[in-house]
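Colleague: Assemble chains B and C onto chain A, guided by the hints.
Residue numbers (the numbering used here), protein chains in the order written: chain A, 1 to 213; chain B, 1001 to 1239; chain C, 2001 to 2223.
Simulated from the structure, these hints should not be mistaken for lab results.
Computed from a prediction, not measured in an experiment: that's the story for all the values here.
Be careful, since some hints might not be right.
Calculated Cβ distances over 12 Å to all of chain B for the following chain C residues [claimed, not checked]:
(1) TRP2004
(2) SER2005
(3) ARG2020
(4) THR2047
FRET-style restraints, in silico, Cβ to Cβ [claimed, not checked]:
(5) B:LYS1104 x C:ARG2012: 53 to 63 Å
(6) C:ASN2002 x B:SER1008: 51 to 61 Å
(7) A:ALA124 x C:ASN2002: 30 to 40 Å
(8) A:GLY41 x C:GLY2195: 56 to 66 Å
(9) B:THR1201 x C:ILE2209: 23 to 33 Å
(10) C:PRO2079 x A:VAL18: 11 to 21 Å
(11) C:GLY2157 x B:THR1201: 33 to 43 Å
(12) A:ALA124 x C:THR2076: 23 to 33 Å
Not everything, but these chain A residues come out facing chain C in the computed CB check (under 10 Å) [claimed, not checked]:
(13) LEU54
(14) LYS75
(15) PRO79
(16) ARG105
(17) LEU106
(18) PRO110
We treat Cβ as the ideally placed atom computed from N, Cα and C, and that holds for glycine.
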Amino acid sequence: MGDAVVDLQEVGYVVAGVTVLTSITLQLEPGEVLGVAGPNGAGKTTLLSVVATLLAPTTGSGTVLGATLGTPGAKAVRPRIGLSGHDPGLYADLTLSENIRLWARLAGVPESAADDTLARVGLAGAADRRAERCSNGMQRRVDLARLLMLEPSLLLLDEAQAGLDNSSEPIIDALIDRCRATGGGAILVSHDASRLATRTDRVETLVDGALGR
Amino acid sequence: MTSDTTRSWVNPVMGAVSVLAIGAGLWTAFTSAPDSEQGNFVRILYIHVPSAWLAFLAFGVTALGSAGWLIRKKLRWDRLAEASAELGVLFTAIALFTGALWGKPVWGKYWDWGDARMASTALMFFVYLGYLALRRATPDPTQRARRSAVLGLVAVVQVPLVYFSVTLWRTLHQPFTIRPDGIQMDSSMVVALLTNLAAFTILYVALLVARYRLPGEVAGTATVPAGAAVTAPNLRSEP
Amino acid sequence: MNFWSQALVIARRDLRIEARAGEVTGVILPFAAIAVFVVPLATDTLTVRLADLGWPVYWLVSLLFGMSVALRNSATESPTQRRHLLLLGVDPVARFAGRAGAAAVLMIAVMSVTAPLMVLFYDPDGLPPIALWAGVVVLFSTGLAMLATLAGDVTVGLRARSMLAPLLVAPLAVPLVVGSARAVESVGRGTSTLGPLMLLVIADLGLAISAIVTAQPLEEATT
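Extracted from the complex, chain A is given alone in its bound form:
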């Protein structure tokens, strides 16, 4: 399956003698949305980091957006990957607008587009407030605005709904719909399988670093 968005074959990841992932084989076809459920410490975040090309598999092989994991070529697809986790990663001393404009500049996106996406997530009024004075929910919405702005082909959401109010649900839906429509893909991860069912095409279960239905 050479044209799969994500194709992992027997991928394992060991750090400091501790096996985090064991023999993970999974495919994500274009337009597909996959859910991965599992308890805390099952290796969900590590799996997303491997798919995001940030961690090289210690065993096995895989491709993401056509690039082979663990090779220098994997770096080329990074700008097409959108990863969002528990921590929005804002700079506490910068305003919400300055935060998203920083990413915009580095991504080569016009700053007006950055401000627009901030408005799309309902934060236009708080744009000049420092991140440290914003609630965690607001900061998470800035992170979603970042993904809206960067328009990634592969969306990786780690506990996306956690800490977000209902008004943010349509944003997540919009992000997923865009990936689906453009032939990309998305992987959603949560400890709560019931949250994944409504948005995903199928749900895999990750326990102790291994996949099982």
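Modeller: Only chains B and C this time, still in chain A's reference frame:
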């Protein structure tokens, strides 16, 4: 490099050879002629000079191991760098200590700022104490290898500059002591010096091989799959 | 986006954060000023000439507090922030250049305040030309910023970081200290200025090359 841990004869044989070599070194050191000016104090140099030589050799090997790791990403290069850095610190300490012991009777003081080599050797000692501290502070083996390889490379670029800068500093601050230029060396003294240089180098190689093999023997138990490894204690021996 | 614009964006980010957080101007700089002030109080001024201590104290304070500037908390990126930059495709060398550049600018600011204080409190004999002092401060800060940023990167995320990074920097910064001190005193002594300046330039070049060679593996170390 012997990465094969099944060769159990290596350590005893290398140990025996180095004991014989050091024995020969000591014999020549104590039977050679005393120096015309320094008297018996010259015998300290038969330990001091080989230690200083090994300090530089060991740090060169550490840089080699660091570069090897960055290119090949194989942990055995990291083990080589680590083993050699530990020995480098040890021999640098011996060189500094014996240098001070020799300096007191011959130059009249333990520490002489007029000698660029002393200051730069002391600085090199601190550089590699930091290197070992970084290794101890980094729990994950791959991260430890990567970070210490980077530091090992930065250090090897900077150490010649440290030496050069201390020399530059020294040339502007004239040394306080006049030391004898061109020690008249008896042939027995040359033999003693060369024997000890060889003996210490053999000792270094024996210790390097022994230390290099040590974590490999333990690492075999640390990479067993899945569940067992989660609870396996970290058996890596630390300096 | 090319290398220099990336580096510039990163440097501006760090300087803007400093403008808000005030860690250098509000904490490190006053502390450095106190250090300059305390040495005379610990000196027996009947037997020791303060004028002779001025420059040594200046370079020591510049080294110690320059390291604090480069390793300041507000410039330490969180793992998520580093991940964002990685996924945006920021060149690791550009990221290094931006952070080291911002640190150098802040170091120059600190050294520009401590220099007149040192002259005021110690009254050293014969001051160097301002241009020479400024050039030396730029070369010193650039080198120290690169060295301390490298040390900060190899110790990122480690519990022992706050003392470990300075331990790694201090002995390797000796060429910068020696080169700076010798260059500034050369005018009064009538010795060569070129030699010490060359030492500073070579040390800066060596550190720049080290940073370029090691930026890639270091980037992997920080994910």
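Colleague: Against this structure, judge whether each hint is valid.
Modeller: Evaluated hints:
Interface exclusion of TRP2004 (chain C) from chain B stands, the closest Cβ pair being 24 Å apart, more than 12 Å. Separation of SER2005 (chain C) from chain B is adequate, the least Cβ-Cβ distance of about 26 Å exceeding the 12 Å criterion. No beta-carbon of chain B comes within 12 Å of the beta-carbon of ARG2020 (chain C); the shortest separation is about 31 Å. The claim that THR2047 (chain C) is not at the interface with chain B holds, since no C-beta of that chain comes within 12 Å of its own (minimum 20 Å).
In this structure the hint that LYS1104 (chain B) and ARG2012 (chain C) lie 53 to 63 Å apart at CB holds, the actual value being about 57 Å. The supplied range of 51 to 61 Å is met by ASN2002 (chain C) and SER1008 (chain B), whose beta-carbon atoms lie about 58 Å from each other. Judged by the Cβ atoms, the range 30 to 40 Å given for ALA124 (chain A) and ASN2002 (chain C) holds: they are separated by roughly 31 Å. Between GLY41 (chain A) and GLY2195 (chain C) the Cβ separation comes to about 59 Å, which falls inside the hinted range of 56 to 66 Å.
Judged by the Cβ atoms, the range 23 to 33 Å given for THR1201 (chain B) and ILE2209 (chain C) holds: they are separated by roughly 31 Å. For the pair PRO2079 (chain C) and VAL18 (chain A), the supplied restraint of 11 to 21 Å holds, since their beta-carbon distance comes to about 18 Å. Separated by about 39 Å at the C-beta atoms, GLY2157 (chain C) and THR1201 (chain B) satisfy the suggested range of 33 to 43 Å. Restraint check, ALA124 (chain A) to THR2076 (chain C): a C-beta distance of roughly 31 Å satisfies the suggested window 23 to 33 Å.
A cut of 10 Å between beta carbons decides the hint on LEU54 (chain A): the least distance to chain C is about 5 Å, and the hint holds. Here the hint on LYS75 (chain A) is kept, as its CB sits about 7 Å from the closest CB of chain C, short of 10 Å. At its closest, the beta carbon of PRO79 (chain A) sits 4 Å from a beta carbon of chain C; the interface hint therefore holds under the 10 Å criterion. Against a cut-off of 10 Å between C-beta atoms, the interface hint on ARG105 (chain A) holds, since the closest Cβ of chain C lies about 5 Å away.
Interface hint status for LEU106 (chain A): upheld, as the beta-carbon distance to the closest one in chain C is roughly 5 Å, under 10 Å. With a cut of 10 Å, the hint placing PRO110 (chain A) at the interface with chain C is violated, because the nearest CB-to-CB distance is about 13 Å.
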